[in-house]
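**Q** Work the whole structure out from these sequences, hints included.
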Amino acid sequence: MQFSALQIATIVNGKVEGDPDVRVSNIAKIEEAGEGALSFIANPKYEEHLYSTQASILIINENLQVERPVKPTLIRVADAYSGFALLMEKYNYILSRQKGLKKGIQQPSYISTSAILGEDVYIGAFSYIGENVIIGNNVKIYPGTYLGDNVVVNDDAIFYAGVKVYHDCLVGHRVVIHAGSVIGSDGFGFAPQADGNYKKVPQIGNVILEDDVEIGANTTIDRATMGSTIIRKGVKLDNLIQIAHNVEIGENTVIAAQTGVSGSTKIGRNCVVGGQVGMVGHIQIADGTRINAQSGISKSVNEQNAALNGTPAFDYKSSLKSQAIFRNLPELDRRIKELEALVRQFMAEKERL
Amino acid sequence: MQFSALQIATIVNGKVEGDPDVRVSNIAKIEEAGEGALSFIANPKYEEHLYSTQASILIINENLQVERPVKPTLIRVADAYSGFALLMEKYNYILSRQKGLKKGIQQPSYISTSAILGEDVYIGAFSYIGENVIIGNNVKIYPGTYLGDNVVVNDDAIFYAGVKVYHDCLVGHRVVIHAGSVIGSDGFGFAPQADGNYKKVPQIGNVILEDDVEIGANTTIDRATMGSTIIRKGVKLDNLIQIAHNVEIGENTVIAAQTGVSGSTKIGRNCVVGGQVGMVGHIQIADGTRINAQSGISKSVNEQNAALNGTPAFDYKSSLKSQAIFRNLPELDRRIKELEALVRQFMAEKERL
Amino acid sequence: MQFSALQIATIVNGKVEGDPDVRVSNIAKIEEAGEGALSFIANPKYEEHLYSTQASILIINENLQVERPVKPTLIRVADAYSGFALLMEKYNYILSRQKGLKKGIQQPSYISTSAILGEDVYIGAFSYIGENVIIGNNVKIYPGTYLGDNVVVNDDAIFYAGVKVYHDCLVGHRVVIHAGSVIGSDGFGFAPQADGNYKKVPQIGNVILEDDVEIGANTTIDRATMGSTIIRKGVKLDNLIQIAHNVEIGENTVIAAQTGVSGSTKIGRNCVVGGQVGMVGHIQIADGTRINAQSGISKSVNEQNAALNGTPAFDYKSSLKSQAIFRNLPELDRRIKELEALVRQFMAEKERL
Numbered sequence: 001m002q003f004s005a006l007q008i009a010t011i012v013n014g015k016v017e018g019d020p021d022v023r024v025s026n027i028a029k030i031e032e033a034g035e036g037a038l039s040f041i042a043n044p045k046y047e048e049h050l051y052s053t054q055a056s057i058l059i060i061n062e063n064l065q066v067e068r069p070v071k072p073t074l075i076r077v078a079d080a081y082s083g084f085a086l087l088m089e090k091y092n093y094i095l096s097r098q099k100g101l102k103k104g105i106q107q108p109s110y111i112s113t114s115a116i117l118g119e120d121v122y123i124g125a126f127s128y129i130g131e132n133v134i135i136g137n138n139v140k141i142y143p144g145t146y147l148g149d150n151v152v153v154n155d156d157a158i159f160y161a162g163v164k165v166y167h168d169c170l171v172g173h174r175v176v177i178h179a180g181s182v183i184g185s186d187g188f189g190f191a192p193q194a195d196g197n198y199k200k201v202p203q204i205g206n207v208i209l210e211d212d213v214e215i216g217a218n219t220t221i222d223r224a225t226m227g228s229t230i231i232r233k234g235v236k237l238d239n240l241i242q243i244a245h246n247v248e249i250g251e252n253t254v255i256a257a258q259t260g261v262s263g264s265t266k267i268g269r270n271c272v273v274g275g276q277v278g279m280v281g282h283i284q285i286a287d288g289t290r291i292n293a294q295s296g297i298s299k300s301v302n303e304q305n306a307a308l309n310g311t312p313a314f315d316y317k318s319s320l321k322s323q324a325i326f327r328n329l330p331e332l333d334r335r336i337k338e339l340e341a342l343v344r345q346f347m348a349e350k351e352r353l
Numbered sequence: 001m002q003f004s005a006l007q008i009a010t011i012v013n014g015k016v017e018g019d020p021d022v023r024v025s026n027i028a029k030i031e032e033a034g035e036g037a038l039s040f041i042a043n044p045k046y047e048e049h050l051y052s053t054q055a056s057i058l059i060i061n062e063n064l065q066v067e068r069p070v071k072p073t074l075i076r077v078a079d080a081y082s083g084f085a086l087l088m089e090k091y092n093y094i095l096s097r098q099k100g101l102k103k104g105i106q107q108p109s110y111i112s113t114s115a116i117l118g119e120d121v122y123i124g125a126f127s128y129i130g131e132n133v134i135i136g137n138n139v140k141i142y143p144g145t146y147l148g149d150n151v152v153v154n155d156d157a158i159f160y161a162g163v164k165v166y167h168d169c170l171v172g173h174r175v176v177i178h179a180g181s182v183i184g185s186d187g188f189g190f191a192p193q194a195d196g197n198y199k200k201v202p203q204i205g206n207v208i209l210e211d212d213v214e215i216g217a218n219t220t221i222d223r224a225t226m227g228s229t230i231i232r233k234g235v236k237l238d239n240l241i242q243i244a245h246n247v248e249i250g251e252n253t254v255i256a257a258q259t260g261v262s263g264s265t266k267i268g269r270n271c272v273v274g275g276q277v278g279m280v281g282h283i284q285i286a287d288g289t290r291i292n293a294q295s296g297i298s299k300s301v302n303e304q305n306a307a308l309n310g311t312p313a314f315d316y317k318s319s320l321k322s323q324a325i326f327r328n329l330p331e332l333d334r335r336i337k338e339l340e341a342l343v344r345q346f347m348a349e350k351e352r353l
Numbered sequence: 001m002q003f004s005a006l007q008i009a010t011i012v013n014g015k016v017e018g019d020p021d022v023r024v025s026n027i028a029k030i031e032e033a034g035e036g037a038l039s040f041i042a043n044p045k046y047e048e049h050l051y052s053t054q055a056s057i058l059i060i061n062e063n064l065q066v067e068r069p070v071k072p073t074l075i076r077v078a079d080a081y082s083g084f085a086l087l088m089e090k091y092n093y094i095l096s097r098q099k100g101l102k103k104g105i106q107q108p109s110y111i112s113t114s115a116i117l118g119e120d121v122y123i124g125a126f127s128y129i130g131e132n133v134i135i136g137n138n139v140k141i142y143p144g145t146y147l148g149d150n151v152v153v154n155d156d157a158i159f160y161a162g163v164k165v166y167h168d169c170l171v172g173h174r175v176v177i178h179a180g181s182v183i184g185s186d187g188f189g190f191a192p193q194a195d196g197n198y199k200k201v202p203q204i205g206n207v208i209l210e211d212d213v214e215i216g217a218n219t220t221i222d223r224a225t226m227g228s229t230i231i232r233k234g235v236k237l238d239n240l241i242q243i244a245h246n247v248e249i250g251e252n253t254v255i256a257a258q259t260g261v262s263g264s265t266k267i268g269r270n271c272v273v274g275g276q277v278g279m280v281g282h283i284q285i286a287d288g289t290r291i292n293a294q295s296g297i298s299k300s301v302n303e304q305n306a307a308l309n310g311t312p313a314f315d316y317k318s319s320l321k322s323q324a325i326f327r328n329l330p331e332l333d334r335r336i337k338e339l340e341a342l343v344r345q346f347m348a349e350k351e352r353l
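Protein chains in written order, with UniProt numbering: chain Z, 1 to 353; chain L, 1 to 353; chain Y, 1 to 353.
Note that these hints are calculated values from the structure, not bench results. Some hints could be false.
Since the list can't tell identical chains apart, any single copy or any two copies may satisfy a pair.
Here are the simulated lysine to aspartate or glutamate pairs, EDC-like style, with alpha carbons at most 20 Å apart [stated by the list, open to error]:
(1) Lys266 with Glu251
(2) Lys321 with Glu338
(3) Lys199 with Glu89
(4) Lys233 with Asp195
(5) Lys321 with Asp333
(6) Lys321 with Glu331
(7) Lys45 with Glu248
**A** Listed below in structure tokens is the structure:
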């Protein structure tokens, strides 16, 4: 397959600078793109490649300043990353058409007689579909997936290999869950007893994943003690994340890998949470909050669109200042010692007078 | 099913305040409980709901002060969380009776001819039972579980979907392991060689999970290099926890999600460890130690019942003071600069004299 | 099986001190080793056991000073840990010979008709081998493993139970992957849209695991957006690690459990990274870098063989000094207040003059 700069500009709704007839046959990272390849620059860190790349076509942001001649034909769009995403989507679609999409029911698989399957589903070998499970149209269930009793899955959802969904959980339209993730395991609820033992609190709630949620690999989302742990529409969770019982995550919030959210905490919509962040339980995080990687959130965030950093976290910019001085604490200590010596000297002189 | 306040008070051994004949047909969180629902208040954060809730019955701590009239019938118990746990357990038991418990051997499954199975076991489809495995009575093995050769499982244990237990590991009575957890993977032992390569140290030990241990989803517990990694009676581990080779965790210790314990470290009994804590290897943690979330434990804790926080961790209360000053480091720096300027001025004036 | 000190010294190329004819029949940790057991001391923390151990044979470092008589026959080698590793390897080899190695294809398993299998492979029950998969000789695939379409596996690789490898990934010779790990899941790439939604960026790259890589349990390695996420020859990754899309890890680098590396970051060779470390995306880490546990790496490390600690990380030794002063911040604050009081007093006196 070959595409011209003009064809690509039409797909991404961009403006061509340079030869509109130049053609590409593959896609590559900017550092590796050679003759005949299409690439993109979205992150300023990669602008240095602009003048040296051998790519034939480059998608760039419309406001990127080009000060010297460049080899590739440029296609300017409002947002190069989104433009590229759109192109990849089309490309991927064509590719999957060529390769043949997964369809049908592979054997051996276990489908309980009370389960209801939609049209055009794929059920991979060694998948287990429990009692009363309802599966919508065009759902793809890769091999080794487990759907417990009474799970409901809406149209166009995808479960990659070895996903486990416990009984009674609900999965929205177009939800994607990557391999090894666990949805609906018991919340961590144990009541301490007088003799030092713990009594398990049965976890009778469930998990609701709303439409367009995407969940990475080996992430765990616990079922609610009562009611539901809820992941709202459009939320994106990365790999190895822990979501505890009764948590709610608002629409279009994204969370990077290895972050953990403790029980009953409510995160607002349009938040951006870095990797390895920890949040205590029973707090509220306002809409639009941005939390830097490795932060520890120990209390509610009430103001919208705040940026936070550190453990315990506070205002992002202030925390950077504190961190900078932390590095110089030995120097601070030395300055205080010097002051103390001088002041002691004054004192001694004063005595003598 | 409907239960009266009197019936519930009898189950939880509580004292009724209000109409003993009011009846409930469901259980709900305090924020969501309506007419006909039973709920509870254990955490002081939720006491604000006491006067506004529409719940019909409320389980509360016996010492909770009620200062104005409330809608629900109250049931006072020594510990509301434990009382509620007890009630849920009964409720869950009735529910599971109604739904029908999992039993029998689903096909296809793989059970080696040398394996020995107890009575009333459930073995889900796609489960693998290795050579010489011994399984006790009433054990439940959900679909896709893997038990390697020579694994021994005692009565009433539960393995949720996709648990993997390597060869030679021992599982106690009533142990519960949630989906995707891995027990007995190789310890991380590699000897550095002169040429920069690493030589793997074979890991010939095993893992022992004693009675009443519960393990969350996608947690990993490595086998010992030699001897055993041991999780003692009643220990509760949350999701995504890492336990390295030759670790020992004492009775009734609980550890929250995403914490990691390095090789050969011994944790005492009745400890409470927060989430995302890290511990270095080859140290001892005394009985009753409490460790705050995200702390880093870099040396042994010798004193019992200590509370620790921070990286590296020290006394909890002191660490809060240091953290408070950390936030104000820029202000501290400014004060020192001011002192320096004043002292310089004194010095200059003294010269002039 | 019994071995004499002389036989063992021959295997590990060591020097015997004591009775060369003493025999052992088992291997044990130094704390637990009794009569008839072989053990070793590599870590100075365990040297205290030298004079009290009941072991019959002990492998020690050649420069370990022995100042009093000891019970066991000693075998001195250049590096006790490597010597012990070598011995365990031989022992393990003999053991596995006795037990019978896993071989052949267990049923039920799913092997696509287009897959090509090498000689002497083991394919466990419930394993799934996709279209066009190529598997080398002596490869071991434990039960419940998933290899997506077009995966290529070289000779002598081992996949433990429930490993998931997505389509198009490449696995080198002698690679070992522990249970539950996921290789080739989608990178976390979503382009924010004007309306607050996110558009998924298709991830069309793959993952390459070069020869002699070992990966722990429940670790996740995402496929590249384009090109490859690359784990170079001899890299060792522990459990529950997150490697994002387009990351590269250099030869013989080792990373401890629960560490996360963000997208497009390049780590050099022979690095040693502790547990629970986080690295931001798009940075370079020089060869030989050593990073302490729980550190946060926020920018590139250009100097080779640096040692780093803290969040954000800086020079290891300096960071220890800052951490020490952090503990005493309340005291520092008190000293500043004292200085301020004294200086105020001077000022007042000066006014009065």
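**Q** All hints, please: hold or fail.
**A** Going through the hints against the structure:
1. Lys266 with Glu251: Cα proximity of lysine 266 and glutamate 251: one copy only (12 Å, versus 33 Å across).
2. Lys321 with Glu338: between (24 Å within a copy, 18 Å between copies)
3. Lys199 with Glu89: between (50 Å within a copy, 10 Å between copies)
4. Lys233 with Asp195: between (44 Å within a copy, 13 Å between copies)
5. Lys321 with Asp333: Answer is both: 17 Å inside a copy and 11 Å across each meet the 20 Å cutoff.
6. Lys321 with Glu331: Both ways: lysine 321 and glutamate 331 sit 15 Å apart in one copy and 10 Å across, limit 20 Å.
7. Lys45 with Glu248: between (35 Å within a copy, 17 Å between copies)
In this structure, every one of the numbered hints holds.
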